[in-house]
Amino acid sequence: MSVRVLVQQAAFDTGAETARLSSLSDHIGGMGLFIGQVRGGDGLLSLTLEHYPGMTETILNQLAQEGMQRFSLLGCTVIHRVGRLKVGEPIVLVGTAAAHRGAALSATSFLIDRLKTGAPFWKKEEFANGHAAWVDAREEDEHAAATWGQMPPSSS
Amino acid sequence: MSVRVLVQQAAFDTGAETARLSSLSDHIGGMGLFIGQVRGGDGLLSLTLEHYPGMTETILNQLAQEGMQRFSLLGCTVIHRVGRLKVGEPIVLVGTAAAHRGAALSATSFLIDRLKTGAPFWKKEEFANGHAAWVDAREEDEHAAATWGQMPPSSS
Amino acid sequence: MTGHVNILYFAALREQLGRESQQVPLSANGQSVADLLRVLRQHDAMLDEVFAATPRIRVAVNQKLGGFDTCVQPGDELAFFPPMTGG
Amino acid sequence: MTGHVNILYFAALREQLGRESQQVPLSANGQSVADLLRVLRQHDAMLDEVFAATPRIRVAVNQKLGGFDTCVQPGDELAFFPPMTGG
Chain H
1 MSVRVLVQQA AFDTGAETAR LSSLSDHIGG MGLFIGQVRG GDGLLSLTLE
51 HYPGMTETIL NQLAQEGMQR FSLLGCTVIH RVGRLKVGEP IVLVGTAAAH
101 RGAALSATSF LIDRLKTGAP FWKKEEFANG HAAWVDAREE DEHAAATWGQ
151 MPPSSS
Chain Y
1 MSVRVLVQQA AFDTGAETAR LSSLSDHIGG MGLFIGQVRG GDGLLSLTLE
51 HYPGMTETIL NQLAQEGMQR FSLLGCTVIH RVGRLKVGEP IVLVGTAAAH
101 RGAALSATSF LIDRLKTGAP FWKKEEFANG HAAWVDAREE DEHAAATWGQ
151 MPPSSS
Chain D
1 MTGHVNILYF AALREQLGRE SQQVPLSANG QSVADLLRVL RQHDAMLDEV
51 FAATPRIRVA VNQKLGGFDT CVQPGDELAF FPPMTGG
Chain C
1 MTGHVNILYF AALREQLGRE SQQVPLSANG QSVADLLRVL RQHDAMLDEV
51 FAATPRIRVA VNQKLGGFDT CVQPGDELAF FPPMTGG
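Protein chains in written order, with the numbering used here: chain H, 1 to 156; chain Y, 1 to 156; chain D, 1 to 87; chain C, 1 to 87.
Keep in mind the hints are simulated off the structure, nothing from the lab. Some hints could be false.
Claimed, not checked - In silico lysine-lysine, BS3-like type, Cα no more than 25 Å apart, as pairs:
1. Lys-124/Y - Lys-86/Y
2. Lys-124/H - Lys-64/D
3. Lys-64/C - Lys-124/Y
4. Lys-86/H - Lys-124/H
Let's have the full structure, built from the sequences with the hints guiding it.
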């Protein structure tokens, strides 16, 4: 399968995911990867990722398929973790494989931009002083997603 | 060291390189990676990568430092292989770490675009029918590099 | 045709309401999400308070993002949640 | 002041010339890469032929990309090569 979508608590193996993408086709010339991790600062200890089971997988699969078509990808991987993740831990991996680097890198940006505001995940921050708060959506993330155009209405 | 530049015959370990970048700072929120590999087709068997020892390392280090400054990176890795590489084998890894995804992904594009036409590597293709030929520089690669502006004159 | 709809709440909404789901009866066809929500808020002071205090609530109907004008059918799964913050 | 410069050739140039480097005497200061190359081509028919047949040759002086108007000093390392094709 050229599309791989996972929502899981466990960490992922970037080396293995890259090897899987790489082996999908002899016609791959470039792979793009983005890995998001919990950024520290201001006493942050951890993030807890909540999601909408079922809908999350559906949305991520639609997004991956849209990326495959839009950028003529030869392969694509989206892995998103849920649960409690400490500062420095990986949250998300987006990987793309294409004949040429431009498509792979553009598709990587597309997938992570769209995922940020279009997939049902929510982050709660927990700080060293005991304070905890849900992360507000960032307007710039919504702008970034919008630059790729509207998500086409999915047939259900 | 936040900048890591290697020119080597051996394969690289994408998982280990990602882990190294990830561990450089608690303030990393995103990492971008590009991996180029030998694209098959038209009976291609292998590429042989020639380089200019000494100058290659200098140019790649300058490029990495420019990327660090331009995109406020927290870390950056450029590994380029030389010698004979078969179809499907990895050629180059570019990795970046930044506080936010936009900087990491832009820097990844910047580094690979500039590396393509600005570092002293040359590729020779070898085909199943015995034909062998040096790869011509692609005009679109030169345009891609030029979109990032001129390489500033390095002080020597 | 009568029945019910299952409503899910996520993230800050779930926490503030102190519940992650509830079943509500749906007696008539042709209701929109907004119609249903108006009735629910009239009968549930806490829900009314939390929804009034939370800007930009999103809705999904049968796990598909929709508008508050989406028509609700018996058996549907509705979900309310704040703007998504993945990645 | 006299001396020599070391010249390196890479990729297709190296193959066509059948050599990867050569030392050439440099008798006077103030010569540019173009000046030096003109003299070399006058005395080396093969070099002349290969350079004439190869478009867009690049030059590096002391491992730094330069123009053909770069001034050459005794002890310098020059390198000629086709457009680079890394990545």
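We went through each hint and held it up to the structure:
1. Lys-124/Y - Lys-86/Y: holds, 12 Å
2. Lys-124/H - Lys-64/D: holds, 23 Å
3. Lys-64/C - Lys-124/Y: Satisfied, since the Cα-Cα distance of roughly 23 Å is no more than 25 Å.
4. Lys-86/H - Lys-124/H: Holds, because 12 Å separates the two Cα atoms, which is no more than 25 Å.
The structure fails none of the hints (numbered hints given earlier).
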